[in-house]
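I would like the entire structure built from these sequences, with the hints used as guidance.
Every position in the sequence shown, counted from 1, becomes a number in our numbering once 209 is added.
Please keep in mind that the hints were generated in silico from the structure rather than gathered at the bench.
Beta carbons: idealized from backbone N, C-alpha and C, even for Gly.
Possibly wrong hints are sitting among the right ones.
Claimed, not checked - In the BS3-like style, the derived pairs of lysine-lysine whose C-alpha atoms are separated by at most 27 Å in a straight line are:
| hint | residue 1 | residue 2 |
| --- | --- | --- |
| 1 | K253 | K340 |
| 2 | K506 | K218 |
| 3 | K282 | K253 |
| 4 | K320 | K480 |
| 5 | K340 | K506 |
| 6 | K480 | K506 |
| 7 | K218 | K480 |
| 8 | K218 | K282 |
| 9 | K581 | K480 |
| 10 | K320 | K282 |
| 11 | K340 | K218 |
| 12 | K581 | K340 |
| 13 | K581 | K550 |
| 14 | K506 | K550 |
| 15 | K480 | K340 |
| 16 | K581 | K506 |
What the hints assert, rightly or not - Ranges of calculated distance between the beta carbons of each label pair, as one might list FRET restraints:
| hint | residue 1 | residue 2 | range |
| --- | --- | --- | --- |
| 17 | Q314 | S392 | 55 to 61 Å |
| 18 | D453 | G484 | 43 to 49 Å |
| 19 | R255 | R503 | 21 to 27 Å |
| 20 | E323 | G484 | 18 to 24 Å |
| 21 | K218 | A395 | 35 to 41 Å |
| 22 | E324 | H212 | 35 to 41 Å |
| 23 | H308 | N333 | 23 to 29 Å |
| 24 | M273 | E394 | 29 to 35 Å |
| 25 | M273 | G505 | 52 to 58 Å |
| 26 | E558 | L283 | 47 to 53 Å |
| 27 | G256 | R325 | 27 to 33 Å |
| 28 | H573 | P277 | 47 to 53 Å |
| 29 | E400 | G505 | 43 to 49 Å |
| 30 | P393 | Y565 | 53 to 59 Å |
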Amino acid sequence: MSHRLADAKRVIIKIGSALLVDQDTGTLRRAWLEALAQDIARLKGRGQDVVIVSSGAIALGRRMIELPSGPLKLEESQAAAAIGQVALAHAYAEVLAQHGFVGAQVLLTLKDTEERRRYLNARNTLFSLLKRGAVPVINENDTVATSEIRYGDNDRLAARVSSMIAADCLVLLSDVDGLYTASPEANPDAELLPEVTAITADIEAMAGKSGTTVGSGGMITKIEAARIAVGAGAHMVIASGRIDHPLAALENGANCTWFTASASPIAARKKWIAGTLETSGALVVDDGAANALRSGKSLLPAGITTVEGRFSRGDAVRVVDGAGAEIGRGLCAYDCADARKIIGHKSREIEHILGYRGRDEMIHRDDLVLVKG
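Right, dumping it as structure tokens:
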């Protein structure tokens, strides 16, 4: 099953606080991070996109301002994060630069993956970074997030990011090497599950609490992350990060637990568009555009004759022909007001008409689902 990592086009790697920060000294485990960077360089050398979701800012920052051990108040956590994030970002930038890669810091809150416009902005930023060969390093924006809008852990954040950018594989590096039938510390007969094909009540019952003092997650958050990632078409693996070169070890058959997806990220996304989202309007297209869509092309402004309804950028709309028959539905790259201004025009004219450079497509083919018939 380790080939799933090697075969993935886009990989998310989540790193827990206990791996990055020494629990006794509160300092960064620099040698371990440098070894991980070597693994990432190998993936990048194969042409794979890599995104890191990293914990560790609070764990680093609290020691730097001498906060006491134990639970912190919200404002203390935010202060620690503000300081620790600087050190963490600097460390990632240095170890990635050693291999010729640029690190990019991205801070997200829960609402960035739930509110449509903020979701699209974050998604487009990440795509732009990946297109230019950068390695995004993502963390929760603890300095501004409140207790009501926090993820509470980076496992679920990593899964949301995996869904956002259509990743093929999500790697959760942890202080444990996978999901066991029971706690291996309490039960010597506990067995490691190498693969999980369905997240059942029995699987959920096997999850326990966090075993470290610096992390906020636990096995239950990893199960919840798996539900999100697999539902979006990504395979997810829980593997040990306690060793140097953990990604290389994973590819060489190290103990782990794989949660397998039954559909690709694109197929899962199109299923979501077709079966979950309500449409807010319609785009009427000419015969040439209708034929282009049926041959697998994106929908360009030039082929649209009429815009119906009121919708915002990123909303789902129907695509219909001149007779009103539905051809498909998809996510529109422009709001209704701007869409009305550019229909019938060439994509190269968009910037002149709107005053900003938007996407060439009104609906990209990856965001379009055709109606069978």
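Here's how the hints hold up against the structure:
no. : hint                    : in the structure
1   : K253 x K340             : holds (12 Å)
2   : K506 x K218             : holds (22 Å)
3   : K282 x K253             : violated (39 Å)
4   : K320 x K480             : holds (23 Å)
5   : K340 x K506             : holds (21 Å)
6   : K480 x K506             : holds (18 Å)
7   : K218 x K480             : holds (20 Å)
8   : K218 x K282             : violated (40 Å)
9   : K581 x K480             : holds (13 Å)
10  : K320 x K282             : holds (22 Å)
11  : K340 x K218             : holds (13 Å)
12  : K581 x K340             : violated (33 Å)
13  : K581 x K550             : violated (30 Å)
14  : K506 x K550             : holds (22 Å)
15  : K480 x K340             : holds (26 Å)
16  : K581 x K506             : holds (16 Å)
17  : Q314 x S392: 55 to 61 Å : violated (36 Å)
18  : D453 x G484: 43 to 49 Å : holds (44 Å)
19  : R255 x R503: 21 to 27 Å : violated (35 Å)
20  : E323 x G484: 18 to 24 Å : holds (20 Å)
21  : K218 x A395: 35 to 41 Å : holds (40 Å)
22  : E324 x H212: 35 to 41 Å : holds (37 Å)
23  : H308 x N333: 23 to 29 Å : holds (26 Å)
24  : M273 x E394: 29 to 35 Å : holds (31 Å)
25  : M273 x G505: 52 to 58 Å : holds (53 Å)
26  : E558 x L283: 47 to 53 Å : holds (50 Å)
27  : G256 x R325: 27 to 33 Å : holds (31 Å)
28  : H573 x P277: 47 to 53 Å : holds (51 Å)
29  : E400 x G505: 43 to 49 Å : holds (46 Å)
30  : P393 x Y565: 53 to 59 Å : holds (56 Å)
Checked against the numbered hints given earlier, the structure breaks hints 3, 8, 12, 13, 17, 19 and satisfies all the rest.
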